[in-house]
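K.L.:
Required output: the full structure, derived from the provided sequences and hints.
If you read the protein sequences in the order shown, they are chains L and Z. Just so we're aligned: 23 in my numbering is position 23 of the first sequence, and the numbers increase by one with no gaps anywhere. Just so we're aligned: 18 in my numbering is position 18 of the second sequence, and the numbers increase by one with no gaps anywhere.
Hints in this document: simulated from the structure, not taken from any laboratory. Nothing here was measured: the structure is a model prediction, and the numbers come from that model. Using N, Cα and C, we set each Cβ at its ideal position, and we do this for glycine too. Don't take every hint at face value.
Unchecked claim - No farther apart than 20 Å at their CA atoms in a straight line, the calculated lysine to any residue pairs in the SDA-like style are these: (1) L:LYS34 - L:PHE21; (2) L:LYS34 - Z:ASP45; (3) L:LYS34 - L:ALA95; (4) L:LYS34 - Z:TRP73; (5) L:LYS34 - L:TYR105; (6) L:LYS34 - L:MET22; (7) L:LYS34 - Z:ALA108; (8) L:LYS34 - Z:ASP43; (9) L:LYS34 - Z:PRO49.
Said to hold, decoys possible - Computed from the model, here is a short list of chain L residues facing chain Z with C-beta under 7 Å: (10) PHE21; (11) TYR52; (12) ASN53; (13) GLN54; (14) PRO78; (15) ALA79; (16) LEU83; (17) SER90; (18) GLY104.
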Amino acid sequence: MIVLATVVVTLAAALHIAIFFMESVAWTRPSVWKRFGLRSQEAAETTRPLAYNQGFYNLFLAVGAIVGLILYGVGQHPAGIALIIFSAASMLAAAIVLVTTGRGYLRPAIIQGILPLIGLMLLLIGLVNGES
Amino acid sequence: MAIVGSTLIAAAAVVHLVFFAMESMLWSTPGVWRRFGLGSQRDADVVRPMAYNQGFYNLFLAGGAVVGLALYWTTLHEVGFALVFFCGVCMVLASLVLVTTGRRFWGAALLQGALPLVGLILFVIAENG
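P.N.:
Below you can see the structure in the form of structure tokens.
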């Protein structure tokens with residue numbers, strides 16, 4: 001179960017690196033800001049500094065998950081699992097916050113949250129069954 | 001060293017809780033959005049959904065640091081250190097990103113980054129001492 005969890009968490013990290021790229025690098029492209037519910041280039045410019053910063057928070061969560069996976073892989077199981085759980089739980093919580101932002105945010109929230117949710121569940125099932 | 005480091009990390013967590021309150025709860029107050037470099041209520045409304053979400057990322061970092069401190073001083077010393085270290089590094093890096101956003105954000109970056117930076121240094125010295 002934990003091996004499967006590491007695969008799913010890796011995918012969740014890859015997705016958050018993609019979100020980082022969209023928010024912090026490619027934000028002013030119409031194809032990007034439209035995905036985030038914005039309606040005009042002007043709105044994209046207004047939100048740009050915040051999007052730039054928020055993208056990095058997503059990058060940090062991805063890096064936290066990857067460092068956790070590496071620590072787990074080299075035998076530092078408790079610290080590795082702690083970082084994986086914290087990073088995946090933060091991704092999932094961020095997706096739940098997205099749902100509460102307003103109408104129209106359900107779809108992006110499911111995209112952001114489904115992988116960390118599955119990864120966390122597999123990890124916890126593995127831990128409960130005595131894997132370490 | 002670890003005690004002073006813990007105090008500074010706890011203070012950094014409080015700063016991040018204040019950021020959460022400003023971004024996610026008090027955003028529409030002019031006194032708040034002006035601090036974040038916005039020029040009008042209209043701009044603040046455009047940015048609002050994004051500020052609401054970003055505030056929670058600060059809340060998560062604060063929560064991770066506090067849980068890490070609690071574990072560090074109780075049963076799971078190494079797990080606690082890993083969480084404190086990760087959340088502290090994220091706070092410092094987020095403040096560096098703020099520096100690269102523009103000159104007007106330097107004050108906010110210093111407020112966000114100084115406490116976790118010094119706290120982290122003391123923590124690492126304590127772990128290796």
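K.L.:
Run the structure past the numbered hints and jot down the numbers of the failing ones, going up.
P.N.:
Result: hints 4, 7, 10 and 18 break, sorted rising.
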